[in-house]
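Colleague: Spelled out, the chains give:
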Amino acid sequence: MLKNSANRYGKVAIILHWLIALTVIGEFGLGLYMTGTDYYHTYYQTMPLIHESVGITLMFVLIFRSIWGWINIRPTPGAGVGVWEQKASKSVKFLMNTLVLLIIFFGLMLSSSDGDSITVFHLFEFPAIIHNLPNQEDWSVYWHYWLSWAMMGLALMHTFGALKHHFFDKDETLRRMLGLPSVRP
Amino acid sequence: MKNSFFRSLSIASAFVLATSATTAANAAEYTVDSSGKHAFIQFKVSHLGYSFVVGDFPDFTGDFTYDSENPSASKINIDIDTTSVDTRHAKRNVHIRGTDFLDVKKYPKASFVSTSYEESGNGAAVLNGDLTLHGVTKPVSLEVTKIGEGKDPWGGYRAGFEGNTTITMSDFGIDYDLGEASRTVDIYVTVEGIKK
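Chains A and B are the protein sequences, given in the same order. FYI, my numbering numbers position 75 of the first sequence as 830, with every residue one higher than the one before it. FYI, my numbering numbers position 169 of the second sequence as 171, with every residue one higher than the one before it.
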């Protein structure tokens with residue numbers, strides 16, 4: 756089933772979840788790596804192009820997921836998931852979404868600083884959003900960097916939460932997001 | 003033609019009167035016209051040996067003393083805001099401001115303080131001084147040309163100079179490897195001073 760049901764995530768939600776997770780982690784790793792390489796790295800020029808192209812694509816995917824979320828029902832949490840856990844996971848998910856969008860925003864602000872557009876996979880040009888603000892490139896890169904670390908912290912909490920449900924509570928939470936069949940009838 | 007001739011004659015005589023009224027020890031003091039942007043500090047670094055990257059430090063202040071009767075008593079001080087460095091490329095600016103190059107968080111200021119000024123005729127001179135950059139102070143020598151001085155149209159008096167020098171980045175503790183052709187930085191400075 757593509758769409759969510761009352762207690763299961765649909766294929767679209769599951770694929771989007773893992774695609775976004777891998778992309779966010781990949782972008783973090785690439786960003787960290789490419790800013791630390793020296794001038795003679797073979798991909799010194801191409802890594803930022805890929806990082807930016809993937810980032811802008813991710814932005815569109817996130818927008819699509821928001822729309823998909825609105826037009827789908829939200830599966831109710833599985834049995835045995837406490838109220839405080841629901842609240843905590845909801846806050847973490849909300850924060851992660853907000854953070855990724857903010858990280859992309861500051862990345863865009865950095866790349867927009869001198870008014871040039873961003874080439875997305877050599878397919879199209881994403882125009883500069885705002886430029887010429889005082890010290891725009893400096894504070895943009897600052898927030899882009901530190902919010903990315905904050906995001907990784909939240910992703911770690913999110914991962915620990917999922918593993919706790921799977922191995923300690925032995926409930927359906929992680930299996931549902933992996934699209935695995937229910938173990939209990 | 004005639005008019006301008008007389009005007010410049012009167013400026014010249016006014017200048018002679020003005021300077022003769024003061025002693026050599028009382029040389030004219032000038033403020034570098036930073037706010038009016040009649041002063042530039044530009045630099046140029048080779049890119050791979052094939053072309054140049056040109057940039058500048060738009061934010062700096064300074065003052066100097068200059069007396070054409072006694073040029074060797076001239077002095078200049080320049081304070082540069084290193085965070086303002088600009089090469090027209092946001093990410094390159096961030097890189098240059100970072101720890102690989104200027105490390106502007108740690109060293110937000112660069113300065114030049116002159117130690118001697120020797121005119122060799124025709125407005126040409128050598129300006130020696132101490133350049134502090136990236137926390138390192140080293141003597142630097144600039145080839146200077148006095149461009150001109152005189153009254154401005156708004157009731158002030160101005161004098162202007164330009165100068166060139168070349169520094170080696172590693173002398174100032176900047177060791178990032180940009181390649182053999184890119185170890186030095188050509189610096190061009192032009193300043194206009196308004197008499198205080």
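I should point out that these hints are in silico values taken from the structure, not numbers from a laboratory. These figures come from a predicted structure and were not determined experimentally. Beta carbons are placed, not taken as given, at the ideal position from N, Cα and C, and that holds for glycine. Careful, some of the hints might be misleading.
Stated by the list, open to error - Per the computed footprint, the stretches of chain B lying under chain A, defined by three or more beta-carbons under 8 Å from a beta-carbon of chain A, are:
(1) 53–63
(2) 129–137
Claimed, not checked - DEER-style ranges, computed between Cβ atoms:
(3) Trp773(A) - Asn166(B): 44 to 52 Å
(4) Lys107(B) - Gly835(A): 48 to 56 Å
(5) Gly175(B) - Trp773(A): 23 to 31 Å
(6) His91(B) - Ile805(A): 36 to 44 Å
(7) Val138(B) - Leu878(A): 25 to 33 Å
(8) Phe876(A) - Val138(B): 20 to 28 Å
(9) Arg90(B) - Glu880(A): 17 to 25 Å
(10) Gly175(B) - Phe876(A): 52 to 60 Å
(11) His91(B) - Ala917(A): 26 to 34 Å
(12) Trp901(A) - Ser118(B): 29 to 37 Å
(13) Leu888(A) - Val138(B): 16 to 24 Å
As the list claims (entries may be wrong) - Far from chain B, by Cβ distances over 12 Å, these chain A residues were calculated:
(14) Thr790
(15) Ile818
(16) Pro830
(17) Ser866
(18) Trp904
Colleague: Hints first: check each against the structure and report whether it holds.
Modeller: Hints, verified against the model:
1. 53–63: That given contact is violated, which follows from only 0 residues of the region 53–63 of chain B lying within Cβ reach (below 8 Å) of chain A.
2. 129–137: It is violated, with 0 qualifying residues against the three required.
3. Trp773(A) - Asn166(B): 44 to 52 Å: 59 Å, violated
4. Lys107(B) - Gly835(A): 48 to 56 Å: 50 Å, holds
5. Gly175(B) - Trp773(A): 23 to 31 Å: 47 Å, violated
6. His91(B) - Ile805(A): 36 to 44 Å: 19 Å, violated
7. Val138(B) - Leu878(A): 25 to 33 Å: For Leu878(A) against Val138(B), whose Cβ atoms are near 47 Å apart, the range 25 to 33 Å is violated.
8. Phe876(A) - Val138(B): 20 to 28 Å: Once the Cβ atoms are compared, 44 Å apart, the range 20 to 28 Å for Val138(B) and Phe876(A) is violated.
9. Arg90(B) - Glu880(A): 17 to 25 Å: 19 Å, holds
10. Gly175(B) - Phe876(A): 52 to 60 Å: 40 Å, violated
11. His91(B) - Ala917(A): 26 to 34 Å: 42 Å, violated
12. Trp901(A) - Ser118(B): 29 to 37 Å: Roughly 47 Å apart at Cβ, these two residues miss the hinted range, so it is violated.
13. Leu888(A) - Val138(B): 16 to 24 Å: 32 Å, violated
14. Thr790: Answer for Thr790(A): violated, closest chain B Cβ roughly 9 Å.
15. Ile818: 25 Å, holds
16. Pro830: Answer for Pro830(A): holds, closest chain B Cβ roughly 43 Å.
17. Ser866: 7 Å, violated
18. Trp904: The claim holds: Trp904(A) sits with its nearest Cβ about 17 Å from chain B, beyond 12 Å.
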